[in-house]
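Participant: Construct the entire structure; sequences and hints are all you get.
With the first letter of the sequence shown counted as 1, position 68 gets the number 66 in our numbering; the numbers rise by one all the way through.
No wet-lab data here; the hints were simulated from the structure. Just so it is clear, CB atoms sit at the ideal spot from N, CA and C, and this is done for glycine as well. Where hints are given, some of them may not hold.
[Claimed, not checked] Label pairs and their calculated CB-CB ranges:
no. : residue 1 : residue 2 : range
1   : 213       : 116       : 14 to 20 Å
2   : 51        : 160       : 32 to 38 Å
3   : 206       : 250       : 19 to 25 Å
4   : 17        : 47        : 17 to 23 Å
5   : 59        : 189       : 46 to 52 Å
6   : 8         : 51        : 18 to 24 Å
7   : 15        : 250       : 51 to 57 Å
[Said to hold, decoys possible] In silico DSBU-like pairs for lysine-lysine, Cα to Cα no more than 35 Å straight-line:
no. : residue 1 : residue 2
8   : 141       : 196
9   : 196       : 243
10  : 62        : 141
11  : 243       : 137
12  : 243       : 141
13  : 137       : 62
14  : 137       : 196
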Amino acid sequence: MMQAVDLLEKLIQEHPQAPEYRHLLACCYRDSPPDFRGRAPWDPNEQLDRAVPILRQLCQDFPKTPDYRFDLCETLARSAVAIGPGFQIGQPPERVAERLQEAVDLSAELARQYPGVPQYAAAHAQYLDRLAMLHYNAKDYPKAEVCSRQALAIQEQLVSRHPDVPAYRLWLGLMECSLGRARREQGDADAAQGIFEKVVQRLETQYRSEPRLGAVQPILNMAYRELALAHQRAGHSQLAAEALKKAEQFGPPPGGPPRPPNARPLIR
-1 MMQAVDLLEK LIQEHPQAPE YRHLLACCYR DSPPDFRGRA PWDPNEQLDR
49 AVPILRQLCQ DFPKTPDYRF DLCETLARSA VAIGPGFQIG QPPERVAERL
99 QEAVDLSAEL ARQYPGVPQY AAAHAQYLDR LAMLHYNAKD YPKAEVCSRQ
149 ALAIQEQLVS RHPDVPAYRL WLGLMECSLG RARREQGDAD AAQGIFEKVV
199 QRLETQYRSE PRLGAVQPIL NMAYRELALA HQRAGHSQLA AEALKKAEQF
249 GPPPGGPPRP PNARPLIR
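Facilitator: Printed below as a string of structure tokens:
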């Protein structure tokens, strides 16, 4: 990646008016891999800060090129990476929230202008879901619920219009889990149970019909653990234990040992 960055920086010096080089450089900055054990010679957050102004300028110079706006959205949203109910945040939460909100606003306009490009609507829903998780971690559960419901409304339309795209159904499950967590933390354990039960039933059906779709398993593992916590909050200890047992069929607990490569969940 560093070789690509060096080459593009030189090309831009030689051809400062070529938008393709600036666009590629911004994407290289954004997509620089994270620093694992000090091996990367750059700070990913600094790379994002380099990418954003380049893409902003491209959007100003070429307002009729939607790809530049989309990549700006992706770069703004990269400040926060959703992992389950939590976030890895390398920048101040206020700045992350501001950038996510900008990504939400820009992607909403893209989806409105280009209704025939489902990628824009899908990204808009995912940014809303990330914003919901950010509010959730800040314990602002009402705001998290609002963002989750907005994301779900968009995702449900995508699933309805594109039933043959498995990823849209997986994202629907993830977004429903976000809503379930928000309801649970606001004291509505009964509603949360219903949401999580709906998720696991649909995902198990999807796994049966598409067993090679490996992404279903970790989502089912997470959803069953969320369901177990909702059962526990509602005082249903036996149901909570059963949900945890089901979760174990789809993977280890967070931080647990890896499963054998030939292990396969059993769906009864």
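Participant: Give a verdict on every hint.
Facilitator: Now the hints, each set against the structure:
no.: 1; hint: 213 - 116: 14 to 20 Å; result: 19 Å, holds
no.: 2; hint: 51 - 160: 32 to 38 Å; result: 35 Å, holds
no.: 3; hint: 206 - 250: 19 to 25 Å; result: 22 Å, holds
no.: 4; hint: 17 - 47: 17 to 23 Å; result: 20 Å, holds
no.: 5; hint: 59 - 189: 46 to 52 Å; result: 48 Å, holds
no.: 6; hint: 8 - 51: 18 to 24 Å; result: 19 Å, holds
no.: 7; hint: 15 - 250: 51 to 57 Å; result: 53 Å, holds
no.: 8; hint: 141 - 196; result: 23 Å, holds
no.: 9; hint: 196 - 243; result: 18 Å, holds
no.: 10; hint: 62 - 141; result: 33 Å, holds
no.: 11; hint: 243 - 137; result: 28 Å, holds
no.: 12; hint: 243 - 141; result: 32 Å, holds
no.: 13; hint: 137 - 62; result: 39 Å, violated
no.: 14; hint: 137 - 196; result: 25 Å, holds
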